[in-house]
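Novice: Read off the chains here:
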Amino acid sequence: MSIHITTPLDNETIKKLKIGDEVFISGTIYTARDAAHKKLVDLLNDNEALPFDPKGAVIFYVGPSPAQPGQAIGAAGPTTSYRMDPFVEDLLQVGIKGMIGKGSRSADVVTGLKNHCAVYFGATGGAAALLSKTIKKAEIIAFEELGPEAVRKLEVENMPLIVINDCTGKDLYIEGRKKWADQ
Amino acid sequence: MRKISVENLTKVIRDMAIEASTIANPDLIDAIENAKSKEQSEVGKAVLNQLLENIEIARNEKTPICQDTGFTVIYMDVGQEVQFVGGDVNDAINNGVAKGYVEGFLRKSIVENPITDPKNTGNNTPAIIHTHIVPGDKVKITMLPKGGGSENMSRLKMMKPADGVEGIRDFVIETVSQAGGNPCPPTVIGVAIGGTFDYVAHLAKKAVTRKFGERNPNPKLAELEVEWLAAINKLGIGPAGLGGNTTSLDLFIEEFPRHIATFPVAVNIQCHAARVKTKTI
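Residue numbers (this note's numbering), protein chains in the order written: chain A, 1 to 183; chain B, 1001 to 1281.
Calculated from the structure, these hints are not laboratory results.
Where hints are given, some of them may not hold.
Said to hold, decoys possible - Only pairs whose alpha carbons sit at most 20 Å apart, straight line, appear in this in silico EDC-like list of lysine to aspartate or glutamate: (1) B:Lys-1119 / A:Glu-144; (2) A:Lys-178 / B:Glu-1042; (3) B:Lys-1045 / A:Asp-85; (4) A:Lys-133 / A:Asp-85; (5) A:Lys-179 / B:Glu-1042; (6) A:Lys-39 / B:Asp-1117; (7) A:Lys-153 / A:Glu-22.
Stated by the list, open to error - Here are a few chain A residues that sit away from chain B, every Cβ distance over 12 Å (derived from the structure): (8) Thr-13; (9) Ile-14; (10) Leu-43; (11) Gly-56; (12) Gly-63; (13) Gln-71; (14) Thr-80; (15) Lys-102; (16) Ser-104; (17) Thr-111; (18) Cys-117; (19) Leu-130; (20) Lys-133; (21) Glu-149; (22) Leu-172; (23) Lys-179.
Said to hold, decoys possible - To spell it out: a stretch of chain B is covered by chain A in this simulated footprint if at least three of its residues, at any positions, have a beta carbon under 8 Å from a beta carbon of chain A; those stretches are: (24) 1077-1086; (25) 1154-1165.
Beta carbons: idealized from backbone N, C-alpha and C, even for Gly.
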């Protein structure tokens, strides 16, 4: 099924999403990957505010390449998600509702998505030039010293995604592989 | 002696870095097209189409194919009748990498002092440089910008001689199976057997610089390449890990003499953004 959604995400929207659904997302999303996740969770542990409102927010695991003159952003495809797994529960607890990356998540993350009614989307890894066309604006809002790992606020229009883990605990990687093994 | 100025080397490396990250080789495009014609999963086909479209956009807009423009690995076969003049060769190579990554708007992904004082070096240096002295008066440069996601799924094992071919096969397939959708399938698999702990990894990585479809000249190894690739493509992982019959585009095996007590095996995984450029000066 093909579904258009806009951020911030609410429970009603998330409950309609099922694994394998093709989703086009629009609105504001935030970038964070390895080093930024550590810093975000450090802020939460120190009872400090995050650099963006986490309620209903979607995080895109990406470290883009620099924009050329006239571009909003350079190439921007997902990085492998499992490295962010240890930070997910803390972020779900403050209201993060969606994550965009590639590759499978830990059992703890899948359970967390179920408990907090949240969703994990896959973007096609390596399709970075194509995905960047859906990013209309990009602005660094925190941790500029991290270079490609800085937290950016992105405005996206119809970024093509697929639901990998929905809020019922299902996993598209497992189901997809089962279907095609030995064929 | 044939003199080559290091200034020229810097320029060649700069241009290669930009070209490698933005322009896909025709053999990669053919390999994806070929996979698409055989892929039976509709989602898998759609992903392969996205990859072809992505390659097209990258070329037209001089944008990197993938935002991870890699750790710059450089293999140099240096003719023994060549003399580099005008400065330090290693500095010249790193200057070329720095210029390419800064002027070409490529991502800088290298962090220095990983545990003592982590900091992005800001220009993607240092490169990993392998020089090999060969007969002649030419320098053959092969550049492989190696992404981190697929590198993380690579493995090395010091096996026992008794494990034999079957043991290696199982290790290779288990490595690809465990990697699942993480290394951006359809991948390219470099396998090396023999040498030492360090050398086997070097050979496995160098194997992924081969052209698609280029079989090992040893017919027995060529047969294993085809057989293991077919077994991998039955895992069901598929393009982007979403299920399908294209998990890897090709598999290359290299063999090297081993010590009587050892049986080292390395599997280097390369994502579908297989960016390899070669130039002879």
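Novice: For A:Gln-71, is the shortest beta carbon distance to chain B beyond 12 Å?
Specialist: 7 Å, violated
Novice: Taking 8 Å as the Cβ threshold, is the statement that the segment 1154-1165 of chain B is covered by chain A upheld or broken by the three-residue rule?
Specialist: n = 0 at 8 Å, threshold three: violated.
Novice: Please confirm whether A:Ser-104 is truly not at the interface, meaning its C-beta sits more than 12 Å away from all C-beta atoms of chain B.
Specialist: 6 Å, violated
Novice: Would the non-interface assignment of A:Cys-117 survive a Cβ cutoff of 12 Å against chain B?
Specialist: 24 Å, holds
Novice: Hey, is A:Lys-179 genuinely clear of chain B, shortest beta carbon separation above 12 Å?
Specialist: 5 Å, violated
Novice: Beyond 12 Å from chain B, beta-carbon-wise, is A:Leu-43?
Specialist: A:Leu-43 clear of chain B: closest Cβ-Cβ about 19 Å, beyond 12 Å.
Novice: Is B:Lys-1045 close enough to A:Asp-85, meaning Cα to Cα at most 20 Å?
Specialist: The hint is violated at about 29 Å.
Novice: Given the hinted pair A:Lys-39 and B:Asp-1117, is their alpha-carbon gap at most 20 Å?
Specialist: Holds, at about 16 Å.
Novice: Please check whether the beta-carbon of A:Thr-80 is more than 12 Å away from every beta-carbon in chain B.
Specialist: 4 Å, violated
Novice: Is A:Leu-130 truly not at the interface, in the sense that its beta carbon sits beyond 12 Å from all beta carbons of chain B?
Specialist: Not fine: 4 Å to the nearest Cβ puts A:Leu-130 too close to chain B.
Novice: If you draw a straight line from the CA of A:Lys-153 to the CA of A:Glu-22, is it 20 Å or shorter?
Specialist: The given pair, whose Cα atoms are some 23 Å apart, is violated under the 20 Å limit.
Novice: Mind verifying the non-interface call on A:Lys-133? Its CB should be farther than 12 Å from each CB in chain B.
Specialist: 7 Å, violated
Of the hints listed earlier, those the structure fails to meet are numbers 3, 4, 7, 12, 13, 14, 15, 16, 19, 20, 21, 22, 23, 24, 25, in rising order.
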